[in-house]
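Q: Sequence:
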Amino acid sequence: MDEAGIVDRVRSVLEERGTACSLDDVTQLCPDLTWNQVFLAIDFLSRTGQADVTLDPRRVYWVQTRRSAA
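Just add 26 to the spot in the sequence shown (first one is 1) and you have my numbering.
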């Protein structure tokens, strides 16, 4: 799968969930991708404003797609 396909796959999983997911949850929801592929896709989505990444007090990263302003 190419880079754009990986990003699309991760974005689709996050949009289907519709709520924040931990980084580990996203990895489990995309068993066909490696942890590194998921991380890089989330990094891209975050840097391009398509997803928010937060760190909770337990040091767990949470990811959620941003709603587009239509």
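Some hints here could point you the wrong way.
[Stated by the list, open to error] Label-pair ranges, simulated between beta-carbon atoms:
{"#": "1", "residue 1": "85", "residue 2": "62", "range": "27 to 33 Å"}
{"#": "2", "residue 1": "58", "residue 2": "84", "range": "23 to 29 Å"}
{"#": "3", "residue 1": "30", "residue 2": "82", "range": "26 to 32 Å"}
{"#": "4", "residue 1": "28", "residue 2": "85", "range": "19 to 25 Å"}
{"#": "5", "residue 1": "42", "residue 2": "87", "range": "27 to 33 Å"}
{"#": "6", "residue 1": "28", "residue 2": "82", "range": "29 to 35 Å"}
{"#": "7", "residue 1": "84", "residue 2": "43", "range": "17 to 23 Å"}
{"#": "8", "residue 1": "87", "residue 2": "41", "range": "15 to 21 Å"}
{"#": "9", "residue 1": "90", "residue 2": "57", "range": "18 to 24 Å"}
{"#": "10", "residue 1": "61", "residue 2": "84", "range": "16 to 22 Å"}
{"#": "11", "residue 1": "93", "residue 2": "51", "range": "27 to 33 Å"}
Simulated from the structure, these hints should not be mistaken for lab results.
For every residue, glycine included, the Cβ atom is placed at its ideal position computed from N, Cα and C.
Q: So, for every hint listed, does it hold in this structure?
A: Each hint tested on the structure:
Roughly 19 Å separates the CB atoms of residue 85 and residue 62, a value that falls outside the hinted 27 to 33 Å. Range check, residue 58 to residue 84: Cβ separation about 28 Å, and the 23 to 29 Å hint holds. Between residue 30 and residue 82 the beta carbon distance is about 30 Å. The supplied range of 26 to 32 Å therefore holds. A hinted range of 19 to 25 Å for the beta carbons of residue 28 and residue 85 is inconsistent with their spacing of about 32 Å.
Checked against the given bound of 27 to 33 Å, the beta carbons of residue 42 and residue 87, roughly 19 Å apart, lie outside it. Our hint of 29 to 35 Å for residue 28 and residue 82 holds, since their Cβ atoms are close to 32 Å apart. Between residue 84 and residue 43 the C-beta distance comes to about 20 Å, which sits within the given range of 17 to 23 Å. In this structure the supplied range 15 to 21 Å holds for residue 87 paired with residue 41, their Cβ-Cβ distance being about 18 Å.
Checking the proposed 18 to 24 Å range against residue 90 and residue 57 shows it holds: the Cβ atoms sit about 21 Å from each other. A C-beta distance of roughly 19 Å is found between residue 61 and residue 84, which places it inside the suggested range of 16 to 22 Å. Against the hinted window of 27 to 33 Å, the Cβ-Cβ separation of residue 93 and residue 51 comes to about 20 Å, which falls outside the hint.
Against the hints set out earlier in the document, violations occur for numbers 1, 4, 5, 11.
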